[in-house]
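K.L.:
As a plain string of letters, each chain reads:
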Amino acid sequence: MTIDSNEIVLDVQGLTVDIKTPRGVLHVVRDISLQVKRGETLCIVGESGCGKSITSLSMMGLLPKTATRNSRVFNFLGEDIARADKRRINDLRGNRMAMIFQEPMTALNPAYTIGDQLTEHYRHHKHASAEQARVRAVALLEKVGIASAAERLGQYPHQLSGGLRQRVMIAMALMCGPELLIADEPSTALDVTIQAQILRLLADLQAELGIAMVLITHDLGVVARIANRVAVMYAGQIVEEGLTKDIFAAPQHPYTQGLISCIPIPGRTIPGGKLGTIPGVVPSLIGEIKGCAFKDRCSSAQERCSGDIPLRHTAHGQQWRCILEHQEVAA
Amino acid sequence: MSALIQTTDLQRTFTVSAGLFKAKKILHAVNGVDLCVNRSDVLGVVGESGCGKSTLARMLLGLTPPTRGSVQIDGQDISKIDRRELARRVQPIFQDPYSSLNPRRTIASIVSFPLDVLNIGTSVERKKKSLEMLERVGLPARYAKNTPGQLSGGQRQRVAIARALVINPEIVICDEPTSALDVSVQAQILNLLLDLRKEFNLTYVFISHNLAVVEHIATQVAVMYLGRVVELRQTAELFKDPRHPYTQALLASVLTPEPGLGIPDTGLGLSFPDPLHPPSGCAFHPRCARRTPECSTKHPALRRDAQGEVACHLYPSTR
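Order-wise, the sequence lines are chains A and B.
Be aware that the first sequence starts at 1, since it is given in our numbering, and climbs by one per residue.
Be aware that the second sequence starts at 1001, since it is given in our numbering, and climbs by one per residue.
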């Protein structure tokens, strides 16, 4: 199978998500645009409450009832899915677009066997027989590195360890051969050793099958190792986006710079020394934010930050929203 | 210099019911741990979930009595120290600042509570002292009348730190103190803990699964596997040249933010073994890339040398 690596699998432009709460309307996602190509891994990184999980849920059409989604463009493989009916979405979801959730224990149904849960949507989408689905499930469990796969099919989620459950989740997402895979913190609840295994598995499968992957995480270590491109989210906006190596070598947005300076990096930070910090707290998502959302915490903030913030970019596709122009950053 | 904290053959078992008609099983959460922490050191404890890190922390705090062995503080067995006296000297900071603070009390009363319990000073002095401590951990006095529900995760963890330090303890046991926090807040809390250590000459036992954080804050590191310490060393040396194959695998699986390196192959098997049925011989042997036939039959003796401690057949005991 040849993979056309320029084909855009997911094209989202001008996405906004509002959630009604008793205290007012939360503007959780504020006008973001994303594109993911075939075989590419895009990481969305940000701290809690920045809207990254809601972004991922909105891509799958899994938002809570109190949320409203708007967009200029919402295309999956050229098809406008924002205006598609429920039937069509159900056809695509779990079939050609799949999702891996953070907590395999809550995402898997404790009352059904692994086998039931792996084959249900495959039989539905592919009109396969029980036997065909079982063969496919065994093959995929083996692919994700689960030994004695055939016996595992009869087990319940509680009989598996966290790492195994996450592997089952991955196998389940891959059952129908999706073209788009959305993974929301797939390794956060796991030990470092298991995390490395799971991410390695995901990266290998994704490259082999040419899947477009959107990976949501707060862990910059994960981002650096797995992503082709990174989108940094802050207060519901993408404040910076670009190739992974560019973002880490020369972050342009002060928030990205702050985020990278916060983490202890062997060889770069001095053990026992001061780590960088970002003063202040995230702004409230209720109501409009005038100008730059980061201005109250930014050390380079100026008066201009309350006005319109230009979208700046370099020749090789790094984009950021800031009044500051491109600066050379010493790595 | 004599050690401030010393554990000798520390062991804790739990009885686990395996089913209605099955015999009860014994789980060795901590299995013969000898540790020694000098004053103003930071001992980092790392290992996967289920390796006994938190049980160790609870025993150091005197919250869980050991099944065998002892914990000594300044040469005194903690089972013989009065609970209040122990609490004055050893204080905890827990992982989840959402569940470790009473949601119905004000911040000021949470922080002054240890002073009330230990009956230190007059009520005016206690109030003054707790406000000073709040100020010191970076929480303005205007928060004193708030309840934990009105605070962010990082602010709550500051309250937990203020409460731990308000009675000037010598030892603070930090059990995953930054794991529930965002990276920018984690950095603030780590900076604060390091400053406070210098200012109050504190000794920390710092439990974490985040190796980068441990490398940053600890002076020496104990690596635990299935209830035992498999390697103990000065931090810089451990991270430069790990000896135990498990430490090597653990360090190799850390994803440092360096693009282009890809995701490492840990070489470890599928999952952490069941602590109820620990493997024979060296508990790590089923996942070890360098195992020999000896490993599955014989438990490796601990080797103590100039570099530290390691329990592995690759490093024969000198005794």
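If you're looking for bench data, these hints aren't it; they were derived computationally from the structure.
Predicted, not measured: the structure shown is a model, and the values here were computed from it.
The beta-carbon is built from N, C-alpha and C at its ideal position, and this holds for glycine as well.
Heads up, some of the hints might be wrong.
Stated by the list, open to error - Calculated cross-link-like contacts (lysine-lysine; reagent style BS3-like; alpha-carbon spacing at most 30 Å): (1) K274(A) / K1198(B); (2) K274(A) / K1240(B); (3) K274(A) / K1129(B); (4) K1198(B) / K245(A); (5) K290(A) / K20(A).
Stated by the list, open to error - Which residues of chain B face chain A? A partial, calculated answer using Cβ under 7 Å: (6) E1048; (7) G1149; (8) A1180; (9) D1182; (10) L1190; (11) L1192; (12) A1212; (13) E1215; (14) H1216; (15) Q1234; (16) L1251; (17) V1254; (18) P1257; (19) E1258; (20) T1266; (21) G1267.
K.L.:
Return the numbers of the hints above that this structure violates; sort them in rising order.
P.N.:
When the structure is compared with the hints, numbers 4, 7, 8, 11, 15, 16, 21 turn out to be violated.
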